[in-house]
Amino acid sequence: MELMDIAAVRADFPALEREVNGCPLVYLDNAATAHKPQAVLDRVVDHYRRSNSGVHRGVHALSEEASEAYESARKRVGVFLGGALPAEVVFTRGATESINLVASSFGEAFVGSGDEILVTEMEHHSNLVPWQRLCERAGARLRVLPVDDRGALCLDALDALLGDRTRLLALTHVSNVTGLVNPLAELISLAHARDIPVLVDGAQAAPHLKIDVRALDCDFYVFSGHKVYAETGIGVLYGKQRWLDAMPPYQSGGGMVAEVDLDGARFAALPLKFEAGTGNIAGAVSLAAALDYLTEVGLSAVAAHESALLGRLEAGLRERDGVLVHGGRALRCGSLAFNVAGTHPADVGMVLDKMGIAVRTGTLCAEPLVRRLVPQGTIRASVALYNTDDEIDALLVGLDRATAMLRG
Amino acid sequence: MTTPRSRNPASRFVAEMRPLNDWLEKYEYLIQLGDELPRIPEAERTSERAISGCQSQVWVAVELRDGRMRFLGDCDAKITRGILALVLAVVEGRTPQEVAAEDFDCIREIGLSTQLSPSRANGLASIIQRVRRLAEAHLPH
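If you read the protein sequences in the order shown, they are chains C and D.
Position one of the first sequence corresponds to residue 7 (this note's numbering), numbered consecutively onward.
Position one of the second sequence corresponds to residue 1248 (this note's numbering), numbered consecutively onward.
Just chain C, with the same shape it has in the complex (with noise of 0.2 Å):
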């Protein structure tokens, strides 16, 4: 196994030299957004400097430099992917865009009065809302893969859910409440052996796991760069070719066609059939650069690094009195979320926040699994590669003083 030299690591991160509230800053909040590495700003700014322009459509040099850098990003994205082909990977804001795309364009061509389609009840509101729209506007009828009271779905419910009117099956890979990872081979099995295609949300898993498309046999995965160390603002769809090729466009206008004459438009080929208007350039450019920085840094010494300070958080809240660490003793990645009897979650992350430490509070953006859990909203912790033992420390010590504040 490789090892992280985890103070070369952090110094590539110059959001992490700060201080808030005059103490060093603590970021446990890498599920919403994580810091990026000196390699991904430079290489923005390189962008910038050296070969801004429009892609695809000049003749001139600089155009030729960006359309080569665009379209090297979105290989290595399909690399990052397990080998994806360029033709499956869409350019998009984040994983959330990537999933209205699908709910749009793959419910204009696939999803009727009638149909269903069947999520989980640990759903980001991004994996859920477009959904439930798209259910709304088909006369379709959503269903939903119940949790237990851990929080883990309820496995053997899913038989019964997948019907002949089921559509499509679209859930997380890794809940971004609890951490939890899904067991993927297994449910896309089920699925296909109904032939049910399934979208996968990445998005909390693409900064923490090897993905691989392929494997899976997902129909579609989404994820957001953001996440794994790159800009905001830019996202990748993977879809099957077969699917992405029977999906009518989602947005129209440059970009995406290939012939325009007064009465209409054809479209142009996969995947710039998807991406109307100028791209996020510099974002794919950011994407690819961050995506190199992972991988010199190592996957797997990545994933044991994170396990290992999710280990030693659990451990931590496991010794402390009326503390519920929600998911029970399950295979983690990425996030942990708790519960401190006595205290509300807002109350912990203000007085954590004046120790510097970031955590976040509230239900997460999944609400019904949150409500479900613990009605107040819950507390999560999430690591990223940067991230040390002294760091956990501090926030069980931050969490004894926040809670000796609190309790009574």
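Take the hints with a grain of salt, since some may be wrong.
Part of the chain D face toward chain C, derived, beta carbon under 7 Å [as the list claims (entries may be wrong)]: (1) W1270; (2) A1324; (3) I1326.
Hints are computed from structural coordinates only; laboratory data are not their basis.
All residues carry an ideal CB built from backbone N, CA and C; glycine is no exception.
Model the placement of chain D on the given structure of chain C, informed by the hints.
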């Protein structure tokens, strides 16, 4: 000098918080203030009294008696309940005209102003907005 404003308990709270340099001490003070705020019985925590936009649940009720606003407020989180107690202390017993014109400068003064931005989830901005709206609704036509 005794002015009507300095008799307001909010001035005392602000004076007591001013020397506290450590944010955790300020929060401890706010928690204490919140603990002294009379609770709204659960049955009276209606949705019309609820303020959205906070991570905690906040309720504010008002009655006009003899032309003066009488507030009741509650919250399920302690620090925000303290912030609520402070806001209500500023406006308690004053006329709707006065409350509508209140700038809550004293809250800015103790450093809570960094918490005034709408993105802050502690609810201060939402609470002030609700109090102002209640005052405006009670202005004579």
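Let me know if the C-beta of I1326/D comes in closer than 7 Å to any C-beta of chain C, holds or violated.
Hint holds; I1326/D Cβ to chain C Cβ min 5 Å, cut 7 Å.
Tell me if the interface restraint on W1270/D is satisfied: Cβ within less than 7 Å of some Cβ in chain C.
holds (4 Å)
Given a cut of 7 Å on the nearest C-beta pair, is the interface hint for A1324/D held or broken against chain C?
holds (4 Å)
Every hint from the earlier list agrees with this structure, and none is contradicted.
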